[in-house]
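Generate the whole structure from the sequences, applying the supplied hints.
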Amino acid sequence: MTLRVLLVEDEMNILEAIRFILSREGWDVRGHGNGATAVEMIVRVAPDILVLDVMLPGRSGFDILRDLRGRPDTADLPVLMLSAKGQTRDRETALALGANAFMTKPFSNSELVETLNRLVPAHRSADRAGGAGGAGA
Amino acid sequence: MLSFNGLVAVCVVYVAGLFAIAFLAERGAAHGRARWLNSPVTYTLSLSIYTTAWTYYGAVGSAARSGLEFMTIYLGPTLVFVGWFWLLRKIVRIGRAQRITSIADMISSRYGKSGGLAALVTVLAVIGTTPYIALQLQSVTLAFGVYARPGAFGAPDPDYTAVWVAGGLALFTIIFGTRSLDANERHPGLVSAIALEAIVKLMALLAVGVFVVWGVAAGPADILARIEASPIAQWNGDGARWLGLTVLSGAAILSLPRMFQVLVVENQDERHLATASWAFPLYLLLMSVFVVPIAVVGLAELPGGNPDLFVLTLPLQMGQGGLALLAFLGGFSAATSMVIVAALALSTMISNHIIVPIWMAAKRGGGAMSGDMRQVALFARRIAIIGILALGLIYYRLSGGAEALASMGLIAFLGVAQVLPALLGGMMWRGATRVGAAAGISVGFAIWAWMLLLPNVGAAGLFPGLVAEGPFGIGWLRPGTPFGLAETDPLLTTMVLSLALNLFCFILGSLLSFPSPLERLMGAQFVNVYDHSPTPAAWRGSVGTADDLLVMASRILGTTRAGRLFSEAAAAQGRDDHLPEPTPDFLELLERELAGSVGAATAHAMVGQITGGASVSVRDLLAVADETAHMMEYSSQLEQKSAELTETAARLREANRKLTELSVQKDSFLSQVSHELRTPMTSIRSFSEILMQADTLEPEARARFSRIIHDESQRLTRLLDDLLDLSVLESGRVSLNRQPVLLSEVIDRAVHATSALAEGRRLAIIRDRATEEIEIVTDADRLVQVFINLIANAQKYCVAEHPELRIEVRRGVDRVDLEFADNGEGIPARQESLIFEKFARLDSGSGVPGAGLGLAISREIMSRIGGGLAYVPGRRGAVFRVALPAPARDAA
Numbered sequence: 001m002t003l004r005v006l007l008v009e010d011e012m013n014i015l016e017a018i019r020f021i022l023s024r025e026g027w028d029v030r031g032h033g034n035g036a037t038a039v040e041m042i043v044r045v046a047p048d049i050l051v052l053d054v055m056l057p058g059r060s061g062f063d064i065l066r067d068l069r070g071r072p073d074t075a076d077l078p079v080l081m082l083s084a085k086g087q088t089r090d091r092e093t094a095l096a097l098g099a100n101a102f103m104t105k106p107f108s109n110s111e112l113v114e115t116l117n118r119l120v121p122a123h124r125s126a127d128r129a130g131g132a133g134g135a136g137a
Numbered sequence: 001m002l003s004f005n006g007l008v009a010v011c012v013v014y015v016a017g018l019f020a021i022a023f024l025a026e027r028g029a030a031h032g033r034a035r036w037l038n039s040p041v042t043y044t045l046s047l048s049i050y051t052t053a054w055t056y057y058g059a060v061g062s063a064a065r066s067g068l069e070f071m072t073i074y075l076g077p078t079l080v081f082v083g084w085f086w087l088l089r090k091i092v093r094i095g096r097a098q099r100i101t102s103i104a105d106m107i108s109s110r111y112g113k114s115g116g117l118a119a120l121v122t123v124l125a126v127i128g129t130t131p132y133i134a135l136q137l138q139s140v141t142l143a144f145g146v147y148a149r150p151g152a153f154g155a156p157d158p159d160y161t162a163v164w165v166a167g168g169l170a171l172f173t174i175i176f177g178t179r180s181l182d183a184n185e186r187h188p189g190l191v192s193a194i195a196l197e198a199i200v201k202l203m204a205l206l207a208v209g210v211f212v213v214w215g216v217a218a219g220p221a222d223i224l225a226r227i228e229a230s231p232i233a234q235w236n237g238d239g240a241r242w243l244g245l246t247v248l249s250g251a252a253i254l255s256l257p258r259m260f261q262v263l264v265v266e267n268q269d270e271r272h273l274a275t276a277s278w279a280f281p282l283y284l285l286l287m288s289v290f291v292v293p294i295a296v297v298g299l300a301e302l303p304g305g306n307p308d309l310f311v312l313t314l315p316l317q318m319g320q321g322g323l324a325l326l327a328f329l330g331g332f333s334a335a336t337s338m339v340i341v342a343a344l345a346l347s348t349m350i351s352n353h354i355i356v357p358i359w360m361a362a363k364r365g366g367g368a369m370s371g372d373m374r375q376v377a378l379f380a381r382r383i384a385i386i387g388i389l390a391l392g393l394i395y396y397r398l399s400g401g402a403e404a405l406a407s408m409g410l411i412a413f414l415g416v417a418q419v420l421p422a423l424l425g426g427m428m429w430r431g432a433t434r435v436g437a438a439a440g441i442s443v444g445f446a447i448w449a450w451m452l453l454l455p456n457v458g459a460a461g462l463f464p465g466l467v468a469e470g471p472f473g474i475g476w477l478r479p480g481t482p483f484g485l486a487e488t489d490p491l492l493t494t495m496v497l498s499l500a501l502n503l504f505c506f507i508l509g510s511l512l513s514f515p516s517p518l519e520r521l522m523g524a525q526f527v528n529v530y531d532h533s534p535t536p537a538a539w540r541g542s543v544g545t546a547d548d549l550l551v552m553a554s555r556i557l558g559t560t561r562a563g564r565l566f567s568e569a570a571a572a573q574g575r576d577d578h579l580p581e582p583t584p585d586f587l588e589l590l591e592r593e594l595a596g597s598v599g600a601a602t603a604h605a606m607v608g609q610i611t612g613g614a615s616v617s618v619r620d621l622l623a624v625a626d627e628t629a630h631m632m633e634y635s636s637q638l639e640q641k642s643a644e645l646t647e648t649a650a651r652l653r654e655a656n657r658k659l660t661e662l663s664v665q666k667d668s669f670l671s672q673v674s675h676e677l678r679t680p681m682t683s684i685r686s687f688s689e690i691l692m693q694a695d696t697l698e699p700e701a702r703a704r705f706s707r708i709i710h711d712e713s714q715r716l717t718r719l720l721d722d723l724l725d726l727s728v729l730e731s732g733r734v735s736l737n738r739q740p741v742l743l744s745e746v747i748d749r750a751v752h753a754t755s756a757l758a759e760g761r762r763l764a765i766i767r768d769r770a771t772e773e774i775e776i777v778t779d780a781d782r783l784v785q786v787f788i789n790l791i792a793n794a795q796k797y798c799v800a801e802h803p804e805l806r807i808e809v810r811r812g813v814d815r816v817d818l819e820f821a822d823n824g825e826g827i828p829a830r831q832e833s834l835i836f837e838k839f840a841r842l843d844s845g846s847g848v849p850g851a852g853l854g855l856a857i858s859r860e861i862m863s864r865i866g867g868g869l870a871y872v873p874g875r876r877g878a879v880f881r882v883a884l885p886a887p888a889r890d891a892a
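Chains as they are written, first to last, in this note's numbering: chain S, 1 to 137; chain U, 1 to 892.
Among the clues, some could well be false.
With the C-beta cut set under 7 Å, the calculated list includes, among others, these residues of chain S facing chain U [stated by the list, open to error]:
1. GLU11
2. ILE14
3. PRO72
4. PRO78
5. LYS85
6. ASN100
7. ALA101
8. ASN109
Below, computed lysine-lysine pairings styled on DSS-like, alpha-carbon distance capped at 27 Å [to be verified]:
9. LYS113(U) - LYS363(U)
10. LYS85(S) - LYS796(U)
11. LYS641(U) - LYS658(U)
12. LYS85(S) - LYS90(U)
13. LYS90(U) - LYS113(U)
14. LYS85(S) - LYS658(U)
I should point out that these hints are in silico values taken from the structure, not numbers from a laboratory.
Glycine residues also receive a C-beta, built at the ideal position from the N, C-alpha and C atoms.
Structure representation (structure tokens):
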């Protein structure tokens, strides 16, 4: 069962890069470029992991995250926030709002993959590990 | 009989006693203890300086020579005190209310503080008083002479006696008259000494009288019989002369400088005057009751003797050494008290109205009577006292003859009486003016001097030629009898003539001249003094006064400072209490302290108000107004400064707010720049890593990723270019290359440049080339840059199905406007103000990235080349207006 990741990012080139990297890892990658309709999209797509940019047209990533943490169906959704502003304040804000990880652009591809792997929910990772373990047992 | 040396010793002891009394009184007054000083009796007794040695000895002489004529000298004052009490009261009230220091001050104050008038009155007073002082010196010398029989041991030179007496009196007056400058010019020590002398002279005269009636004659009946038999009984009074002399002596009590001093200046309580109104006439009656008996007995017992000395020679002749000594001391008292007070009054006038004004003029400006000035004034007074006594002495030595001096008394009366019309007129008639007063006094004074003074002084041998033949030999202008005026009674003739002309000139001058505002004000204050000054408060004792002073001082200095000042002063005076005695020293200190806060004049007025019961005079008010004006000016300067400070503070706050805002903007800008730089960097890095690691990448993907890296690199470069461009433009270091150029060409270049950029959707640009044929002088490259930005924005943001941009050129009087209007959705109203901000990102919903720096740079360029760039709100699409400055001409 493939992991589904949703990228909310308005820079199409960045979106394409991440999509390529994560697809190579075997993940199901979806993209969305507008902040205003992001929550709706997230709920509909119901990803295992969310990669959320801060600076988005229509609505900021912070506002979206706050909404997500307020909804029962997305309260526990693992979220990686990306920001190009490079301010420590953004990192603090993101973590305070409930982001599971925060990365500053530009990032290294391997670091992105590692971080996302760490965020894989326990049951999803158990599924994968369980599959392997089951095979072993 | 007492030896001459014994007499001198008695005199010295007597004078020492006076010193002691004066000293004790001064100290008592300073400590507020000496209640007896502040009694109507003391006041009344001090008035008795009216009866000088001239009346003490001379009344008997006059009676012996002219019968009851001497009575007029007593009658005049009695009538004034009894009949004109209201007038006296008014003078005293004005004097206290205005803090008048002398008769000259009174007149000059009434006529608008005229310095000239004050000096004139002062000169008049000095001339009128000098013979009088000479007279006193003469009487004392004569009395000494009686004791010094020719050939006796230690026979005195009369001249030296006079010198000693004059010197002693000068010393006494200086010590008790000029100790310090009292705010109210009062001298308690001096007044108590002359009060004592008044008692001595009354007692002496009464004692001699009693001795004469019951000791020499056989009682009142015998005396009456003797009077009947004497020539005095045959004396037939000249009615006119009687009336004249009565009026003259009545005038004298009002206008003699020394009388003014004791009557007004030394007055401590207005109510004392009520007592004096009956007590003083009583005193005069007692002084006169034995005059005729002594004269009659003297004529009988001492035929050929000098009647002027009967008071002294009768007891001596009868072997009554003790009584004679008392009589001598009485005469001595009469002479000394008059000289002391006269010298004091004159010295005040000379110092205040002649020396100090001259000194101030010499010093140019000067200040109020304080510090340095006080010392000058005190010194001037001391010099003046010495000068006055020296003048009296000189006059005495020069005139020599006893007869000449005796007649000078009345002449001097008439001289000083010349101020009467101005004095009384000023108190009753508001229309009286300075010109009238000066004219009246001058004319009266001139007539008096010419007809009475000069002949009498001349007769004494000073100007024999002038007196005998007239000036320049013009006989009809001869002094004494000008115009052939009858010589029957020069005194009466001169009196009627001088006072009548004086009054005439006073009235005429007043009617013909206009009073100054100050004169008008003072006129009202004098004439309506009862409306302007409160009834003087009752004597409340020193503690009350000190209390009041403390209350006042606390208001001005603050409770702490005032309390400390008072406690320290009390401690310095050796009192346990926290309230000091209001001594002159303390009052001066207090005044200085207050002056630091409210100004000298105000401080003086306030302290005077409490201690003297004097109301605030117009002069004070003017000085206070001056100070207030200064303070208001100062305070308005402060206000201005404070306003400036407030303004500066506001500007600083504003600057600070702007700086904070700028700092926030800078942070925000840096954050934006970071974002704009990091975003392409992110793509570049990611794709670079992909390209580096994935050898198996398909050629198409490889080419595509390389393409993205290339594009993002270019985006980075553009961004850096823009940042540098903006930085140069904002710093103002941009150099413009202005050239004449056709507007159409500029637009052509911009359109051409943007057509290369256009991808996908094609933006239709609609122009009217005919309107664009305008030659402008500008930096064409920069203007192209602006137009490119506007066209590119339309390409990027116009969401219409068939996007088009309409460029319209409009010519104004002194400018050219270009409108770039697209047919898109425009910019939401709430974000119109944001579009020119750097990296503004609009929530257009179109998913187009932020505008970056384009509009910010464009607007900066337009302001550099002298035009403007604005968003035109309210249209359907997005509309920008470019304003160009126009020295615009039509293209040829």
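Comparing the hints with the structure gives:
Restraint check, GLU11(S) versus chain U: the minimum CB separation of about 6 Å is within 7 Å; hint holds. Look at ILE14(S): its Cβ gets to within about 5 Å of chain U, closer than 7 Å, so that hint holds up. Taken as an interface hint, PRO72(S) does not check out: its beta carbon lies about 29 Å from the nearest beta carbon of chain U, beyond 7 Å. Because the beta carbon of PRO78(S) sits about 21 Å from the nearest beta carbon in chain U, more than 7 Å, this interface hint is broken.
Using the Cβ-Cβ criterion of 7 Å, the hint placing LYS85(S) at the interface with chain U is satisfied: the shortest such distance is roughly 5 Å. With 7 Å as the threshold, the beta carbon of ASN100(S) stays out of range of chain U, its nearest partner Cβ sitting at about 20 Å, so the hint is violated. Checking ALA101(S) against chain U: minimum C-beta separation of about 16 Å lies over 7 Å; hint violated. For ASN109(S), the suggested interface contact is upheld, since its CB lies about 5 Å from the closest CB of chain U, less than 7 Å.
Proposed proximity of LYS113(U) and LYS363(U) is supported: the alpha carbons are some 20 Å apart, at most 27 Å. For the given pair, LYS85(S) sits about 24 Å from LYS796(U) by alpha-carbon distance, which is consistent with the 27 Å threshold. Distance hint between LYS641(U) and LYS658(U) is fulfilled; the C-alpha atoms sit about 25 Å from each other, no more than 27 Å. With a C-alpha separation of about 96 Å, the suggested pairing of LYS85(S) with LYS90(U) is violated against the 27 Å cut-off.
Of the pairs offered as hints, the one joining LYS90(U) and LYS113(U) holds, with about 19 Å between alpha carbons and a cut-off of 27 Å not exceeded. At most 27 Å may separate the alpha-carbon atoms for a hinted pair to count; LYS85(S) and LYS658(U) meet this at roughly 24 Å.
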